[in-house]
Amino acid sequence: MSFETLREAIHSLTPIFYLITVVMFIFGLKFLQSPRTARRGNLLSGLGMLIAIVATLLGQGILNYTTVLIIMAVGSVIGVYLAYKVKMTDVPQFVAILNGFGGAVSAVVGVAEFLVYFQTGETPGGVPKTQFLTAVAADAFIGTLTFWGSLIAFAKLQGILSEKSFVLFGKNVFNSLFLLGALVTGAFLVITGSALDFTKGPVDVTVVAIFLGAVVLAATLLGLTLAMAVGGADMPIIIALFISYAGLSASALGFTNANYGLIMAGSLVGASGLILTRSMAKAINRNFWAILLGNITPPSHQATSKDDIYAGRIKTTTPEEYVGVLDAAQTIVIVPGYGMAVAQAQGACRDLFNELSADGKEVYFAVHPVAGRMPGHMNVLLAEVNIPYDRLKELDESNEILENADVAIILGANDVVNPMARDAKDTPIYGMPILDVDKAGSILVIKRSLSPGFSGIPNPLFVLDKTLMMFMDAKPALQELVKAWKER
Amino acid sequence: MDPIVLALILFTLSVLIGFEIITKVPPILHTPLVVASHAMAAIMVVSAIEVAGTSAGNLAATVLGGLALLLGVINVVGGYVIADRMLANFKSGKARGKDAAKGKV
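First to last, the protein sequences are chains A and B.
Per the numbering used here, residue 2 is the first one in the first sequence, and the count goes up by one each step.
Per the numbering used here, residue 419 is the first one in the second sequence, and the count goes up by one each step.
If we strip away everything but chain A, and leave its shape as in the complex, we get (with noise of 0.2 Å):
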């Protein structure tokens, strides 16, 4: 059998090398339901995209195989250096930068098929003019965007750009201008695209690219607004809505050259994020749908003096005081925060979990969901310092355990544990579920000072009869604890 003969046999089946990927991504998905399969599940779904490549590869007719799989290896080697060099607590923003590759990947493609278009009139796997250039066009808007947010959101996390929320005068205005000016050329794009005639020889294409070129204008200035509005203890939302747009961008390529497997898998992924986006916005308190439309972080309120409430009333402790509570005590929960994984404290953390479950204390961790700068990226620094999994226990779980719990150590954590969210209806953070160590029999908060969490108020649990502060930084205060522990 001739290599052509078997290229053309692999690119009838194409579709079914495609549906093959998909079904492993969705088994891969189902494995991570399960920290104990989820590893299998990667691999699974990794393979998947190999078996896409593969028959894209050996299928399409390449003209250039050299130059392709120099390409390849050279992203290949790129993408692990990046992988193994990356620090878990930096996992937010190199998550948001390749997402953004994800959106420029996307964006770009569609460019390319429209180039290849205007010079040969043929839309890529034959698909009807007017969905090809309706498809372009989603496609172009959403990669943009998400490069873009993705972009901002990058220099957020990483510290470049200030991490408060910028708002521009009017922004909602300005938004929906954006939107509803990309709505349009779009538009225009499709209406004057399809109509080029090209049975008569070479057409002038000036007009529909300058359509598309005010999409992704368009585009840009809205990814640009959105993300920089994004600020502080919202930063989780936004990497799971980029996500989720990446998939949708990748979803819009599929409708450009009718990829079925495109379709499918940027769906799923869409999907994903949206759900991830979800659950992030009824951690943190924030309407779904304004999240969507791009009002992430609300404007922030003027903040209560916090010397009303807690002048005369803080009580302080050390960590050789400290032990005595600690040896009294049976079950001990730990609510670790954003301020631990900054203060580089996991191991600490994880010697003081160590030494107390050995001497046979019930330690548990309550992770907030919105605990570190990306959706469940709390458990992924526990889970490094090798914190057992059955050990770290979401929101429901942990209030059930902490009703009955002796200690509560709160480790740079703030907002997530402030009570006034169940009552004070006139602060930012009212509604929004909370871990409630105040039912734990004796509170002991690690924190350099009394500066408030994101949300900018005080926390009255600061000054609860049972809570004891401990003002230093987690690093040293858990070592000193886990010294004194040993001592005594």
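If you're looking for bench data, these hints aren't it; they were derived computationally from the structure.
Watch out, some of these pointers could steer you wrong.
Residues of chain A clear of chain B, computed beta-carbon distances all greater than 10 Å [unchecked claim]: (1) Phe95; (2) Pro125; (3) Thr221; (4) Gln331; (5) Asn380.
Below, computed lysine-lysine pairings styled on DSS-like, alpha-carbon distance capped at 27 Å [said to hold, decoys possible]: (6) A:Lys165 to A:Lys88; (7) A:Lys316 to A:Lys362; (8) A:Lys362 to B:Lys442; (9) B:Lys509 to A:Lys88; (10) A:Lys362 to A:Lys476; (11) A:Lys165 to A:Lys316; (12) A:Lys283 to A:Lys426; (13) A:Lys316 to A:Lys476; (14) B:Lys512 to A:Lys283; (15) A:Lys362 to A:Lys31; (16) B:Lys442 to A:Lys86; (17) A:Lys31 to B:Lys512; (18) B:Lys442 to A:Lys31; (19) A:Lys316 to A:Lys487; (20) B:Lys442 to A:Lys476; (21) A:Lys31 to B:Lys509; (22) A:Lys467 to A:Lys487; (23) A:Lys165 to A:Lys31; (24) A:Lys487 to B:Lys512; (25) A:Lys86 to A:Lys283; (26) B:Lys509 to B:Lys442; (27) B:Lys509 to A:Lys362; (28) A:Lys467 to A:Lys440.
Computed from a predicted model, the values in this text were never measured in an experiment.
Ideal Cβ positions, reconstructed from N, Cα and C, are used throughout, including at glycine.
With chain A held as given, fit chain B onto it using these hints.
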């Protein structure tokens, strides 16, 4: 059936399957989920391969396709490898005990 109708059916069904499966992923695995889904979205590389490899008559398209291919492959490989690195860390109390017995921890 019109291909566009088939495409829309596939799109809708995949969204529904996605909702159904992802809802059941526990919050503890949300970061690996984000990274893995992100790697899946990078299936766009197959279109990049097509454009880069078959548009020989159009230099601009070939160059754009090649750029997309490079970024796409970084995405796929980087995404899957980092997800694997993370998932390798997730161990139950039991598995951790075994590792300790073997002197791995």
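Of the hints stated earlier, which fail here?
1, 2, 5, 8, 11, 14, 15, 16, 20, 23 and 25
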